[in-house]
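**Q** One letter stands for each residue in the lines below.
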Amino acid sequence: MDMNKEWSFGDFTGMVLLGYPPESFVGRIVGSCFAHETPNTEVFPPETVCEFERCNLDNVKLPPGCVVLGDCSKRRCCAQADGEDWLVDVAGKPLDHVHAAFYRDKATRLRAAGRPTDAAKMDAKLAELDVKARAAGLPAVVAVDEVIR
Amino acid sequence: MAIDAATVFEWRPGTGSNNNGGGYANLNPGTSVDYSQQAAAQLSLADCATSGAGVTTLTSATGGFTAAMAGNCMKFAGGTNFTLTEPFQITVVTDTNTVTLDRSPTPAGAGSSGAGAVGGARAVLVDTFLEALTAGCYHYIKADGTMTLTNPVDVALDGTLAAPMMFTGYQTTRGDNPTGDNRPLIAAAANSFYFDDFYQFFNIRVTTTAANGFRADEKCVFENCSSDNSSGTGSRSGLHCGGSAGAFVDCSASSAAGYAFYCGGGGMRSLHSYAHDSVTGYFNTTFTDGLLWDHCIADTCTTGFDASGGGINYPTFLNCNAYGGTTGIAFGGAEALLLNCEISSNSGTGVTATASCAGYLIDYCNFYNNGTDVSNAVKGPHCTANAPGYTDAAGGDFSLAAGSALLGAGVGLGYGCSTPSTVEQGAWQNGAGAGGGGIVYRPRRYGLQGVN
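Going line by line, the protein sequences match chains P and W.
In terms of our numbering, the first sequence is numbered consecutively and its last residue is 206.
In terms of our numbering, the second sequence is numbered consecutively and its last residue is 885.
Read the hints as simulated data drawn from the structure, not as lab findings.
Take these hints with a grain of salt, some might be off.
Unchecked claim - Reference excerpt, derived from the structure (chain W facing chain P, CB under 10 Å, subset only):
| no. | residue |
| --- | --- |
| 1 | 463 |
| 2 | 466 |
| 3 | 577 |
| 4 | 578 |
| 5 | 641 |
Predicted model, so just to flag it, every value in this text is computed and none were measured.
Glycine is no exception: its CB is placed at the ideal position from the N, C-alpha and C atoms.
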């Protein structure tokens, strides 16, 4: 499928594009950001048929004719009472801090690579997020050691 | 071994590939050739192999290695036992079938069927790739399309004072130092875009909704950078220095519900920068001493400059503009200094000091059309009350039109050098239009002298 040059490699963060004709989104859209802050935001016309590659589609409700290929981000996340972004389920229930899994994985990798000081930086970030989460009545942000146990 | 500290990486969002090696150091002068500044890899192989775990000798029956490839980086996209997330550097080319890498690409066992690429520009910044580098590495980012992040970039690896990590944006040719929309754009959205200590950024634009915006920590430098945080969640930042002794130089930033510029440490310098359309233009956490704002503009921010937190001492404001907000400048602590500032059209108070402020000097400043000019403070004898005569304040152009009463109304601040006896009030903008100082950029490595 040919690359859609009009909508590739662009920054459309927070934009609603429902006013554009569906035909303008044909082909493969590469490397663009369409992310929103509110889950299930309708961004594209419902008749849109296209492919996405290396795009940020966080919180975007895609029409059925769209196909998500490799290296795209398609998270459902939104800000919670701690001021941080959290992954949420379909009902909007907060599940985990949006970067918690990243920090946990990274701490593990850095330790394995013999970089305990840098791994501790990730632990500190998780601990800081955990304090904020608990203060706001959110689920704990689990640290790497607890996962290992 | 490790990636050489003099390695320069090339990032091209629109034409590069994250399967490419992307980096080059001139390890064999006169023989090495830079293959990173091209879209396609110079050599792509599918049969790379090593003889065991931890072995740095890489072989390929297909071959194609040349002596010129020494110093170029390789990246592996597949194969048995190959590390796929990091770059490896060719240090020695033995022959067309054999090279030595800076470290083993197969730490867990013998490698086979490795899909490796030599050279070629990379596309999108990736956390694991950046973590594998060495202090001192330099990065060029070309403006050939938006770089969209689909994962966090939250780098724990530090630079050093003598060997900072540097990222420089360019438009067409390395070193062309673009301004405005000609700078490369990184769309981070909710992804963390966070670097640890001793990072320096030049000529880069970022859009974000993340809590920390575009952030670096201790002794970071942002020059000719912009970051706009469009999040509706409060207290998020546009440009963020999380450590001490950093600098914002000729930058612009906004945060719709938070801080355009956020300083988390003392000794922070903000020079020739432009904050706009934010809850707070320039914000400092408590206990941050020695702050300097020089020729900075806060345009339509609820609070233009906020240095009022407990323990903030010695804030200095020189030739700053606080325009169109509710509170122009708020400060506290001891020995605050405001000279040559222009504070106008703030619906609340132009300058407010905390009641506990031990001492301050506000002089040669212009106050105009504020709800109240000062609170808990007294204007010096040389303060004025003139219409500023901006070229186009509503359009973000705070240069002074011909005939402005602010021209020559300030006081010279030179130390041991020839300076005019008077200068203008407010920030220089030199008619360069909206969004900052309009000075000429020469990206430099900030080090032991200068800003450090």
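**Q** Going back to the hint list, which numbers does this structure go against?
**A** 1 and 2
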